[in-house]
Structure formats: C-alpha cells, structure tokens
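We have chain A already, so just place chain B on it with the hints.
Note that the protein sequences, when read in sequence, are chains A and B. FYI, numbering that gives the first Met the number 0 numbers position 149 of the first sequence as 148, with every residue one higher than the one before it. FYI, numbering that gives the first Met the number 0 numbers position 175 of the second sequence as 174, with every residue one higher than the one before it.
Be aware that one or more of the hints could be misleading.
[To be verified] Derived DSSO-like pairs: lysine-lysine, alpha-carbon spacing no greater than 30 Å straight-line: (1) Lys53/B x Lys142/A; (2) Lys239/B x Lys46/A; (3) Lys44/A x Lys53/B; (4) Lys44/A x Lys348/A; (5) Lys239/B x Lys142/A; (6) Lys64/A x Lys696/A.
These are computed hints drawn from the structure, not numbers from a lab. Note that the coordinates shown come from a computational prediction; the quantities given were computed from them, not determined experimentally.
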Amino acid sequence: MHRHSSERGAALILLMGIAATLMIMAATLVMVLLNQQHATASERKAKTSVYYAEAALDKAVADAKVDTDSMPKLSTDPSWPWSSVSVGRSQLLAALVAAGFPANGTVDYRVYDNLTTVNPSIQWDQNNDGRMWLEVTITYQGKVTRTRVLVTQTTENVVTALPRAVLYSDTDISLQNSSDLYSLRASDGQPYTAGSPYPTTVMSGGSLRGSGNQDLAAYNASPRVQSIGVNVNGSVSGLGFTPDGVKIGGVGLLSDYFDQGAQADLGDEAQTGATHAAAPTAPAASGTAVAASAFSQANILTIPGSSYNAGTKTYTFTNDLNVTGSLTLKSGIGSGAGVFPAGTKFVFKSLYLNGNSSLTLTDQVTVSTTALSVGGALTISSSASVTDQFGPVYAGGNVSVSGPVTLSAVIGTTPQSFYSGGNVTITGPASQVTDQFGLLYVAGALSVTNDVQLKSTALVAMGDFTLSGADAGIIDYLGPIYVGGSARWSGTVSVKTTDYTKSYAEVDPADTTTWTLATVGPTAINPPGPMWIGAVFAHTWPGTGGSWRYHDVYGYTWISGNAGTGNVAINYTGPTSGTTPCTVMCTLMSTTEKTTTSGRVDFGTTDFPMTYFMQCDNDGLYSNTCEWGSTGTFYGLMVVMEAVIQITGGNGQQPCVVGAVFEGTPYVSGTTGSTSDITLTGSSTVAYNQAVIDKVKNYSITTTTLVTTIVPGSWQQLSTN
Amino acid sequence: MPLTIQAASVRRRRSQTGVTLVELLVAMVILGIVSTMLVTVWISLSNSYAFATKTMTSRATARDALDRMSSELRDAQPLSIPVGTPMPSPTAALFTVANKWEADFYSAYNVPGAVDVGGGTGALRLTRIFLGDLNGTTPPSTSSPYQRNLYWQRRPDSAVSGAWTDSGVRTMTLATNVVNVGISDTSVTPTTTYTALFRYATRVSGTLTWTDSPSSADLANIVAVRVRLIVDANLAHTPKYVDLSTTLRPRNASGN
Chain A
0 MHRHSSERGA
10 ALILLMGIAA
20 TLMIMAATLV
30 MVLLNQQHAT
40 ASERKAKTSV
50 YYAEAALDKA
60 VADAKVDTDS
70 MPKLSTDPSW
80 PWSSVSVGRS
90 QLLAALVAAG
100 FPANGTVDYR
110 VYDNLTTVNP
120 SIQWDQNNDG
130 RMWLEVTITY
140 QGKVTRTRVL
150 VTQTTENVVT
160 ALPRAVLYSD
170 TDISLQNSSD
180 LYSLRASDGQ
190 PYTAGSPYPT
200 TVMSGGSLRG
210 SGNQDLAAYN
220 ASPRVQSIGV
230 NVNGSVSGLG
240 FTPDGVKIGG
250 VGLLSDYFDQ
260 GAQADLGDEA
270 QTGATHAAAP
280 TAPAASGTAV
290 AASAFSQANI
300 LTIPGSSYNA
310 GTKTYTFTND
320 LNVTGSLTLK
330 SGIGSGAGVF
340 PAGTKFVFKS
350 LYLNGNSSLT
360 LTDQVTVSTT
370 ALSVGGALTI
380 SSSASVTDQF
390 GPVYAGGNVS
400 VSGPVTLSAV
410 IGTTPQSFYS
420 GGNVTITGPA
430 SQVTDQFGLL
440 YVAGALSVTN
450 DVQLKSTALV
460 AMGDFTLSGA
470 DAGIIDYLGP
480 IYVGGSARWS
490 GTVSVKTTDY
500 TKSYAEVDPA
510 DTTTWTLATV
520 GPTAINPPGP
530 MWIGAVFAHT
540 WPGTGGSWRY
550 HDVYGYTWIS
560 GNAGTGNVAI
570 NYTGPTSGTT
580 PCTVMCTLMS
590 TTEKTTTSGR
600 VDFGTTDFPM
610 TYFMQCDNDG
620 LYSNTCEWGS
630 TGTFYGLMVV
640 MEAVIQITGG
650 NGQQPCVVGA
660 VFEGTPYVSG
670 TTGSTSDITL
680 TGSSTVAYNQ
690 AVIDKVKNYS
700 ITTTTLVTTI
710 VPGSWQQLST
720 N
Chain B
0 MPLTIQAASV
10 RRRRSQTGVT
20 LVELLVAMVI
30 LGIVSTMLVT
40 VWISLSNSYA
50 FATKTMTSRA
60 TARDALDRMS
70 SELRDAQPLS
80 IPVGTPMPSP
90 TAALFTVANK
100 WEADFYSAYN
110 VPGAVDVGGG
120 TGALRLTRIF
130 LGDLNGTTPP
140 STSSPYQRNL
150 YWQRRPDSAV
160 SGAWTDSGVR
170 TMTLATNVVN
180 VGISDTSVTP
190 TTTYTALFRY
200 ATRVSGTLTW
210 TDSPSSADLA
220 NIVAVRVRLI
230 VDANLAHTPK
240 YVDLSTTLRP
250 RNASGN
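Chain A with its partners taken away, still in its complex shape (with noise of 0.2 Å):
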C-alpha cells in the first residue's frame, strides 16, 4: 500500500507543480495584457482630450470671428469674446456636446493678454498690441488638456476679410444646364489646370446642384482637370464628375466675415457722391437800374455805359447793369422792344434781372456776360449757331435751351457755376455743340436731348437726369453726379464722372490700355468722381447705334432705386450683337433694389476691377434679384445680401464674372422665395482669378472690417500641472 500511495502522490505533485507554473504564467501574462490595454485606454482618453480640447479652441476662435457691432472688441472689453464667461462656457460646451462630447466632460476658457508676466485676470490688451492669449481646458474623463492660441484683431479691406471662394452662398448653388466655375491663374489669367491645391472654393451654406455638364474647369483648359475645391453643408449632386477633396460642413454665414457693419461701411463708401456742392447762392441785385423797355434799337445806348461797334454790330455795355421786368433779346427785322438785327451781339458786364424777369434769347443774337442773374426763366433758342458765354448764372426759374447753341458758364478758361431754380432743358441740333460749366446745378430735373456735350466740374439735379437722342457719339464729362430722381441715358452717349478741366479727362474709356492707376481707383491723383441717384438708373444702348458703343466712367456710385414697384433700380443693356462691348469703369456701384443687364456690356477690366454691392433693403417694392443677363464680362467682386443673383449671359466661352461672387443672408419670402440664391443658367460661367480679386482691393473699395485671426505660430498645449 506504500508504494502505491507514493507512486500516486509523485505524479499528482509534479502535475500540481506544473498547473501552477502555467497559472502563474497565465496570469502574470494577463496582469501584463490588463496593464497594456490600460495604458492603450488611458492613452487613447489622452489623445481624446487633446482633439476635444483642439476643437474647443477652434470653436472659441471661430466664435471670436464673428464680429457685430454689438461683439466686445478685445483692445478693452475683458469680456471679449463672449458678452459674459458663461455665455462662453455655455456655447463651448453645447457645441462639443452637438459633436459627441460627453456632457459630463467640462470646458472652461480664459482670456489674458499676452504680458511678459502673464497675469490671467489682466482680461483686456493690457499692452495694446492687438493680441491675446485664448485658452481652453478640456477634463475628458479624467484627461485634463490645456491649450491656447495668440489671437489677435485687426483693421483690413473687406476683401481681405472675405473667404477664398469663388462662388459663396449662405444656401444652395444651382449650375444649371452648360454653366460651371472655375479658376484661372493668377499670374497670366490663363485656366489653371495644377490641381489640388487649388486657388480658390466653391461654398455653399445648403448644397451645390449641378446638371451633369459640370467639370469646374474652364472650356479651353488642357487638360481638363478640376480647377477649384468643394466646400459646401449639405450635399453635392448633378456634376458631371466626381469632384476631389469635396469637403462638408464648415460653410459659415457670409455675414461671419461680412457683418453688418462692415456692410453698412461699404454702402457709406458707395455714397460717397451723397454729399454733393451747395447750390449756389442767389446774387445780391447790383448795378445800374435799367428798364428792360431800354433794350430796343431805339433806347440801347441812353444805357448808362453802353457803345455800339457796327462793323461787329456788338453792343457793350461797361456798367453792371440791374435790369427790370423781363427781357427778351432776338434777331428780327423791325426795330421793336427787344429786336435786333441777325448777329447782334451784346456784351455785358454783370446782367441782374431782378424779381421773377425772365430772359428770352431767340435766333441770331449772342450775349456775353461777366456774370447772370435771371429772377425768371431763361430761354435761349436759335435755328442758327450762337454762342453764349455767360461767367456764373443763377436763373430763379425753367432753363431752355434749343438748337444749335452754344452755352457755357465760363469766365477765359475758368468754369462758373451755372444754376437753376427749376427744370433745366436742352435740346441740341443734329450737329453736335458743347456746353461747359462749372458746377452745374439743377434745382429740378436736367434734360438733354440730341447731340448736345455737357462738360462740368460737377452735376446736380435735384430731380432726374435724363440723355436721350444723341446720334453723334457723345461723351459727357460731368465731375462728381448727384441726382435726386432717377437717370436714364440712351441714344449715342458716354458718361465719364471726371471733372472735363483734368487732363485724364481726354483719356479715351474705350482705350483700356492707356488707364493707369492715376485715372481710376480710390487712391488715383484724380478720380473719377463719384455718382449719386436717389431713384432709378438705367444706361440704355440705342439698338440703332450700330458700331458704336457707350463707355462710362464712375467714381463710387450708388443708386438707391426707391422710385416706384416695376422700375429697377439698375438697368444696363448693351448691344445684342457683335463682339465689341460697351463698357462700364467704376469703383464701386451700389443699390438696395433690383438690378438687370443685358446685351453685352463689360464691366471694369482685369486690371482695374470693380465691386457691385446690392444690399436689398426689402421694402417690398422689386422682387429682390439681381438678374445679371450681361453677355460681357464683370471683373471684380459681387456681394449681394437678402436677395437671389442669376448668372444668364454666358456663352460658355467668356466668362461672365471674373473674380467671385458672394452672397449672403438669404432671401426666403413666402412662395417667391428661392432656396438656391445663387443660379446659374445657359452657358455662363464664374472665373475665378486672385490677381483680379487683389486688384479690387488696391483699386476698387476701401472699406475695412475688424478681422480677428490666430496668430500663426501661436498654438500651444501646456502643462496642466
């Protein structure tokens, strides 16, 4: 029995001794597996914590960026950038949270200026430098991070401001049929074809619907590859390929880098013109009294200082002369009040009509004067060429002007003003005459009507403007232009707002290679000046023009369209055929209300660009569109806010904007609402080139916005000790 109780035990010892060891083993292995997938957990909480506390800090800043006017500006408001802390901590927190943050986890910020001693309650930019410290604490189960970036608020053009895109629309982009975007090089403007990364971004708040013929590159590139980058909220559909790098989400509010003060700036700088001249004042009487029953062949020279040369049948007169009762001057046979024979001519020294006397000068008789006063009407018309050179004019009442007259208001070559207490109109002859005055000012409405040149330094006319008639191919150089009511121009007539005495004056618009930075753009010696209408605009191309073609000039221009439902308030129409367009050099054009092109007009150059800003004002008057039909091309900036823009004109060769085309807050009212607040129909085309877009900032607007940024090279992670 011993020996079997002892073969027994050896064997169940040493198998005990062996199930030991490997348990020990086994277990010290799992202890070291146990341990591993801790250190791996609390690693990856770790790395967790860092993201969440990364995307806190971009929240914050992203939050720091938008900038209203009612935002605590970070230069001496210790609440920056939030209204109050927990106003922060609360948006921080419900952001992380809507991107899966534990609502358990905390998030805290601070705000310090960046002092050499740091000092966390100094709140406020304590050393004026424009930068502070942003600071995010992020406890994600149990894993504390701390991070913080300089950021830092500065002063910039709007156009800095604005994202890389070159369509951005708080909704939905609709390319419809043959349209499409796409961008060009910046150095030579031709299509770029270099890929990702590209120059610039389509940005859609809503999504980008296409209609299969999309490929975002332009209709000459080779190759064919896409030349901008995808970014919208929603979705992307209906390209005709898929497109690389489309990136979702992200698509802030244009308003986000465009607020509503800045906005309000740049309306501000378009009405630039809305501070026009004082009209002038009316003269005191002054001079030797007169009956107006003196000027008769008769009685002319019992008028004190009056002479008479009949080899140039002129009479002058030396005194001031203070007349009464109205007075009419015509060329006649007979030898009543008033008439005179065919070419007379009567020089005066001042001519003061006192009370409401009116002047009346009809057919061949010219008048000069040192200066005129009309307490009336003044009438001028002639079947025949004459010249009339008043020095400064003031007229109480109606200015007529009819025929082959020459008029001007100018004293050797210096201009003087020329007034009127009511309507101004000038009806010219077939063959063109040119009228110059200094400040023109019109207390009503100022027409113009056939080949009649206005030259001013500069326009204003209380009530409309209107050109119409001309056949002879006109440029009107009329300074700075303040309009009360609307102005429609048609028949064969430029526009130039420069003041007809500067020498740019002569520059020819057509000629675009001869513009230089002296000739446009906000920082030139002598712009253009600027132009101001307070109802409706509308430059229309004569479709009997044939080959000619209209070529305007503005400074700052804003019209502010409010004249009635039906009318809109920007109306360009060039020719329908033909590959020379009209043109349209202007800073910045700004309205509230409604705008159309069509027929083929072109507006600024690839190196002097321009800004159309429409900041509808919703007052229900115009459906709230930009219907920009124009088979030219606008280079420059687009911003439209509260209203829709359609792109129509494209041929699918010429682009129709060369720049970008923003807009913003978008227009949704009732049934006529439209979700896709940008659209884009036919063939026409969005070109996107930087050099355009820079140019626009040097050239086209100056208008700034406070722009908060990180400082590049400012992240940090810091210990949480």
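Using the frame of chain A, we list chain B on its own:
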C-alpha cells in the same frame, strides 16, 4: 461467497510483491523521458514568456516613445511670431535642426507654470529629440550600445546658445535598442541603407517634397514630419523588430 473473495485477494497481493530489475529500468527510462520532455517544455515556455514580455515591453516603450515624439513635434513653435498689419505669414522656422537622426525645435509642451501668474509668455523651451550618444556623437553607429538610445532633452530656458550638457538641461531616454541605423528603408526612393528616424515634408509653391535632410532654407517650409522608430526587442539573439511609424503635421506649421 466472502471466503472465496478473500482468498482471491490474498493471491493477487502475493503476485505483486516483487519488482524485477527490468521493470525498474523500464520505469526509470520512462520517467527520464517524461522528465526530459517536461523540462524541455518548461524551458520553452519560460523562453516564450520572457520573449513575449520583452517584446510587449519593447513595443509599449516604442509606442510611448513615438507618442511622445508626436506630441512634442506637433507642438513645435517658431521662437518669433510675426508682427504686423495685415498679419504677415510666419517666416521663422519651426525647427532649428532637422535631419534624419535629430529634430531640434521650440515648444511649450508640458512646460509647467506657463500660464500662471508671473509665468511669463516665454514658455518656449528649446527641445531636441535625437538618436545617438548622449555625449553628442552623431551620426549614431551600430557599434555602440549607447548610440542606440533615443533621447529627449529640453533646455531650462529659451536660450539659443548653450550646450546640451549644461546643468538644468532635462534628459529623458525615450527608447533603447533603436536600430534604425542598420535597417535599410525600401519604402523610400532611392532606397537607403538606413531607416531615417525623421523624414520631413517641405512645401514650396504648393509642391510637397519629402526628404530626411532638408536644407537650412527649407527649415521654414516643413509642413509635416514622418517619424519611424525601429526597436530590436531581442537584442543579441535573432532580431525581433518593433517597427512603428507615424506622420504628423506640426500645428504651427505654415499653412496649417
């Protein structure tokens, strides 16, 4: 019936009372064989356990080292931050030294007290991560075990000058048995006889170029870093490589 059973039991015990020599020898041989097998299995198990533990430890160490390097490199920051309106692009380089075995840079990563009252904004510390001899022998070689170590060092201040042997310089060994020097890298073109610890992506005019030896001018154009760490977990025996790599974009790199 009980008497019959008892008689049979007595007969069986009598037949088992003797063990022959042959039986004993056979038993000893069997026991020897079994014991030998058990010992062999035991040794094998012990070796496997030791190897597995060593490998896991090496892998964990390598992973920790890689993680640390990633965090440090990601936080690289230029010493000077641009000033001006509008904001100019940063021109200062993130790295003061960048080659295949070493990366030197400024960082505030885990610098304590940087945001405390009086901590100052000078939180940046010159930091370096390098493979080689702590005494500064570079490049490392396979001949010295001291040059198979991966070190992290940080100066106590942001001073540009000064030696890494100064007092106050913090030193940490991130990994040992790093064998990048002796392992060919076939993942790059042209193939190298070594596997660079650091490779750098520089971007100039939109063109991304990878190199393990950026020029001085390119230090400011580094936008990404690939870190590859190869540790021999079974040094002095058949090599067992733990090969880990990651690519990171420094948060403060230009364009990020």
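Structure-based check of each hint:
1. Lys53/B x Lys142/A: holds, 29 Å
2. Lys239/B x Lys46/A: Satisfied, since the Cα-Cα distance of roughly 29 Å is no more than 30 Å.
3. Lys44/A x Lys53/B: holds, 26 Å
4. Lys44/A x Lys348/A: Roughly 96 Å between the alpha carbons, so the hint for Lys44/A and Lys348/A is violated.
5. Lys239/B x Lys142/A: violated, 34 Å
6. Lys64/A x Lys696/A: holds, 21 Å
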